[in-house]
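Residue numbers for the sequence shown follow this note's numbering, beginning at 282 and rising by one.
Do not rely on the hints blindly, as some may be mistaken.
What the hints assert, rightly or not - FRET-style restraints, in silico, Cβ to Cβ:
(1) Thr-431 / Thr-394: 38 to 44 Å
(2) Ser-332 / Glu-403: 24 to 30 Å
(3) Ser-469 / Ser-332: 36 to 42 Å
Stated by the list, open to error - Quick list of in silico lysine-lysine cross-link-like pairs, DSS-like style, CA-CA up to 25 Å:
(4) Lys-429 / Lys-337
(5) Lys-337 / Lys-437
(6) Lys-429 / Lys-348
(7) Lys-348 / Lys-337
Please keep in mind that the hints were generated in silico from the structure rather than gathered at the bench.
Virtual Cβ for every residue (Gly too), placed ideally from N, Cα, C.
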Amino acid sequence: MKNKAVTLLCILTILITTGIVAFADYSNTLPDRVSADETPVADDLIEQIVSGDIDKELLPGATLNGKVTVNAINADYPAFVRIVVAFEADRFDSYNSFTESIVPTLSESYGWTIHNNWIRIEYENEYYYMTYAVYNEELFNGNAVILKYTVNMNSKVSNELVNRLDDGQGYDVLVVTQATQSNGWTNSNGEITAEDVLDAAFGELSSINHPWVNSIASNDN
């Protein structure tokens, strides 16, 4: 059990070794990339705010609700964004067995592509099932988008499972928003799509490539 229900990670940008994010013309090269926590700096593209049922125990028959708000904060550079969410999975080694007891859902909403290819990952000696959502358009300064999620627990789960998941600290949901500029980058068909730009910047998500692999910083809410 993690100490907090929601963990926000901050991943430093590539291409820069000084720690300062540069916004140059990288036409047809990999895009520059950043991520966000709740204390953005001047050169960040976005900020992420997680709200809702944080640090709460997940009980049989109950539902936890969460909301991720992403604000664009850079006046010069719009961003493509994807939100990666991972739900605590205890000892379940298959998604089907996991969802017999716990059912996580990313809510369908306008502008988002919700992916349901759930991936089992390990983070700090605990297992999670991870998925993500991509916002299909560039996010411009001053605009915000919202993604909601729910976690429902079957009413017939054992007290043993409830206790293992909680341990006095609440049910864990990990959330990271990844953002990148396109910088003129195009795919092999000469197109700019949110999915392709984000995959080029961060790589396709997998059990060995996700925001919590070798994480360099974290903030607990």
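Results for each hint:
1. Roughly 18 Å separates the CB atoms of Thr-431 and Thr-394, a value that falls outside the hinted 38 to 44 Å.
2. Evaluation of the 24 to 30 Å hint for Ser-332 and Glu-403 yields a pass: the beta carbon distance comes to about 27 Å.
3. At about 39 Å, the CB distance of Ser-469 to Ser-332 agrees with the hint of 36 to 42 Å.
4. Between Lys-429 and Lys-337 the alpha-carbon distance is near 17 Å, which keeps this suggested pair within the 25 Å criterion.
5. Restraint check: the Cα-Cα separation between Lys-337 and Lys-437 comes to about 19 Å, which is no more than 25 Å; the hinted pair holds.
6. Pair hint Lys-429 plus Lys-348 holds up; C-alpha atoms about 4 Å apart against a cutoff of 25 Å.
7. Distance restraint check for Lys-348 and Lys-337: the Cα-Cα separation of roughly 14 Å lies within the 25 Å cut-off, and the hinted pair is therefore satisfied.
The earlier numbered hint that this structure contradicts is number 1, and it is the only one.
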